[in-house]
Structure formats: structure tokens, C-alpha cells
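Undergrad: Residues per chain, in single letters:
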Amino acid sequence: MSEPVLRLTDVSRVHGTGAAEVHALRGVSLAAYAGELVAIMGPSGSGKSSLLTIAGGLDSPTSGSVTVDGQDLGEAGISGRAKLRRTSIGYVFQDFNLIPALTAAENVALPLELDGAGRRSAQAAARTALEEVGLDGFADRFPDEMSGGQRQRIAIARAIVGERRLILADEPTGALDTETGEDILKLIRARCDAGAAGVLVTHEPRYASWADRVIYVRDGIVVDEAGETPGALLVDEAGA
Amino acid sequence: MSVKHALLALLEKPRYGYELRAEFEQRTGASWPLNVGQVYTTLSRLERDGLVEAGGTDAEGRSLYQLTEAGRVEVKGWFDTPVERTQPQRDELAIKLAVAVAVPSVDVGKVVQQQRNATMQALQGYRRQARSGVADDLAGGLVLDRLVFAAEAEIRWLDHCEARLRRAAATSTAPEPTGGGGR
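Protein sequence lines correspond, in order, to chains A and B.
Start counting the first sequence at 1; every next residue gets the next number (UniProt numbering).
Start counting the second sequence at 1; every next residue gets the next number (UniProt numbering).
There may be inaccurate statements among the hints.
Said to hold, decoys possible - Simulated restraints on C-beta separations: (1) A/ASP144 - B/HIS160: 54 to 64 Å; (2) A/GLU131 - B/ALA30: 28 to 38 Å; (3) B/ALA170 - A/GLY137: 50 to 60 Å; (4) B/THR41 - A/GLU131: 32 to 42 Å; (5) B/ARG131 - A/SER63: 37 to 47 Å; (6) B/GLN114 - A/PHE142: 43 to 53 Å; (7) A/SER79 - B/LEU142: 46 to 56 Å; (8) B/ASP137 - A/ARG120: 23 to 33 Å.
Simulated from the structure, these hints should not be mistaken for lab results.
Glycine included, each C-beta is placed from N, C-alpha and C at the ideal position.
Starting from the given sequences, assemble the full structure and let the hints guide the process.
TA: If you want it as C-alpha cells, here you go:
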């Protein structure tokens with residue numbers, strides 16, 4: 001099998017020290033390959049969102065390593081990680097994280113422009129991405145003129161613009177009704193089918209079932225995995 | 001599950017046995033396959049009970065069945081009456097977990113995990129079916145939705161069981177006395 005787009009190796013994350021020490025992740029390893037969507041499920045506080053922020057270089061592990069597209073995030077440094085986030089990694093959050101003062105197209109074009117693309121080419125790419133998520137004709141609207149489902153589509157367009165290879169989605173359907181949520185998952189799935197690797201954090205089984213593999217995290221460790229697996233993980237938990 | 005009533009309802013338009021089976025399976029997204037013998041047995045019982053009657057033959061000489069007036073009343077009654085929920089069907093999974101909690105040698109957590117994986121795989125299967133176009137037909141899509149909702153509910157319930165088991169284990173470090181039955 002080829003190299004995964006995302007690889008976490010023995011990743012741990014500890015917040016605080018001494019008595020206040022919290023182990024968000026304890027030795028998690030996982031890989032996501034091109035064309036694959038991996039879902040991460042687990043109860044609140046299980047570490048699933050920590051896993052995603054570390055996978056995307058928004059936070060750094062206390063120990064262990066993360067590679068995206070073969071590049072080690074620890075070795076990349078702050079500016080290297082920032083560049084990867086602008087060019088290779090697309091995020092979708094539950095609360096959309098759009099800039100209200102920018103139009104849909106400007107929101108989508110922003111990461112490209114920050115990466116040095118010319119305004120015109122960035123805008124053209126943004127409009128193509130908006131079309132891809134079914135928002136042709138909405139490019140010049142502001143987020144607050146649009147519904148929740150449409151705003152999440154803008155966020156997805158921003159996450160896929162410029163051929164990003166890794167899509168990280170943290171409860172992207174949390175604020176949406178079932179049918180709109182399904183539409184959002186269809187878009188993420190389509191992007192993975194087109195060759196991206198996707199990691200989806202969700203507590204909803206129906207959305208997790210769009211994934212090729214479903215990984216269960218509890219108390220910061222991977223406890224179980226369902227689906228067609230390139231090397232299933234089944235870590236036995238030594239009772240707390 | 002009343003196959004009898006479903007078949008009866010589909011005889012709103014006269015049909016022959018094979019056609020009736022095909023219609024049932026298509027409408028239900030092939031989720032509950034019937035064998036044609038079952039269909040003909042049901043038809044002869046319905047005929048005996050005066051709910052259907054012979055309705056001549058089609059161009060190819062196949063014997064058609066049609067609803068009688070009593071059959072129409074029966075179909076209306078079926079649609080007008082909610083499906084009984086006061087006496088839930090025997091639920092093997094609930095029974096299995098309840099017994100697992102009471103039998104000390106069983107790893108209940110493992111039973112929960114295995115079931116959740118199996119149900120998630122079933123859910124992934126429904127998803128693949130939906131993506132392959134089964135859900136494009138309205139009736140087939142509704143049945144598939146029903147299966148998705150049921151599997152989803154089961155996974156949520158299993159998550160809930162797991163959380164309760166862990167809470168119970170955390171509050172009683174010593175093994176529970178037998179006979180309490182757990183919860």
C-alpha cells in the first residue's frame with residue numbers, strides 16, 4: 001500500500017502538569033490513505049477532537065509524530081506547519097468559522113491569497129470550489145445572508161480549494177438538520193472519492209457510516225475499529 | 001410483520017403471484033425477500049377468507065387476483081391502525097446484554113463492542129446500498145431510512161450501555177454480589 005496522506009505514530013498529548021495533568025491522547029497511531037474517509041467516534045472528552053487538531057498541526061503532540069503528505073509536522077516548524085495548513089490541509093468545523101465581513105468567494109479564496117496567490121486566480125479557484133459544493137450564484141453573498149447548510153458548504157469549499165489532500169472535519173453536521181447533514185457528508189465523501197484523505201470526527205453513527213473505517217476513541221486511546229481496515233487495531237484496555 | 005396485509009394492499013390493482021412478489025420486493029427495497037410459494041399460500045388463504053378473488057387472466061393467460069369489498073375494508077383497517085408497540089418483539093440483543101451482566105464469566109464490554117462493530121458494518125452496508133441508487137425510489141428509500149434509523153438507534157443505545165457499564169464498574173471496585181441482576 002502507498003504512503004498514507006496522514007500518519008500519526010504513537011501520539012500522546014498531555015495538558016497541564018502534576019495533579020492537574022490531563023492525558024488527552026495516549027499513544028494513538030492511525031493512518032488515512034488517499035481516497036479514504038476515516039470516522040472517529042467516542043464519548044465527550046475521549047480525545048477525538050484533540051486527535052484532529054494535532055493531525056492538522058493546530059496543536060503539537062507531547063510525544064509521537066505526525067506526518068502529512070510525507071512531511072513531519074514536528075520538523076516543519078511553525079511556518080512550515082502554517083504553510084501546510086494553507087496548502088494541503090482543509091478544515092471543516094461545526095460552527096463554520098467563516099469571516100462575516102467577507103463574501104462566500106472571499107472566504108474561500110482567503111487561504112490561497114494568504115499563500116501568495118494573486119487575487120484574480122484565487123477568486124477564480126474559489127468560484128470553482130463553490131460550484132463544486134452546489135453554491136454557484138452565491139459567491140458574492142455574505143455568510144449571514146445564507147442558511148446554516150449553505151454556510152457549511154462555504155466552509156467545505158474553503159477546505160477543498162486548491163487541491164488539498166487532507167480534509168479534517170470536526171462535527172461538521174453538528175448545527176444542521178439530518179437531511180442537510182447528509183448533503184454535507186456527501187460532499188466530503190465525494191472529495192475523498194476524488195482522491196483526498198478525510199478524517200471525520202462525529203458522535204452520530206449515521207454520518208460515521210459514510211466512512212470506510214470507524215475508529216472508536218476512549219480516554220485518549222483507540223479502543224476499537226470497524227470497517228474495511230488496512231490492519232485493524234484492537235487495543236485491549238487494562239481496566240482503570 | 002404482516003406480509004398478508006402488505007400483499008393485500010398491493011392488490012389494489014389486480015396482479016398475478018409473481019408480479020405481486022416483485023412489486024412487494026421492489027417497494028420494500030428488497031429488504032425482506034419473499035419466496036413465491038409463500039406468496040401463493042398467502043393468496044389462497046386470502047381467497048379462502050373472502051378478501052381476494054380470481055380476477056380473470058392477463059393477455060398471457062396468467063391468473064390474476066383482485067381485492068373483494070371485504071378485502072378493501074381489511075386494507076383500510078390496516079392503514080388506519082397504528083402498528084402495535086405495547087408488546088415489543090422479543091429483543092435478542094437486550095436479552096443477551098441483560099444476561100451478560102448477570103453472568104460473571106462474560107466480558108460485557110466485549111459483547112457491546114462486537115455488536116457495535118457489527119451494527120456499524122450493517123449501517124455502512126445500507127449506506128453503500130443508498131449510494132448505489134436503491135434510495136432513489138421513494139418507497140425503497142423510506143425502507144432504507146427505516147433501517148438506517150434503527151441501526152443508528154442501536155449504536156447509540158450500545159454507547160449508552162457502555163457508559164453505564166463503565167460508571168457501574170467505577171463505583172463498585174469490588175465484584176457485585178450475585179443475584180442483584182445488575183442494570
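Undergrad: Which earlier hints turn out false for this structure, listed by number in ascending order?
TA: Per hint list: 1, 4 and 8 violated.
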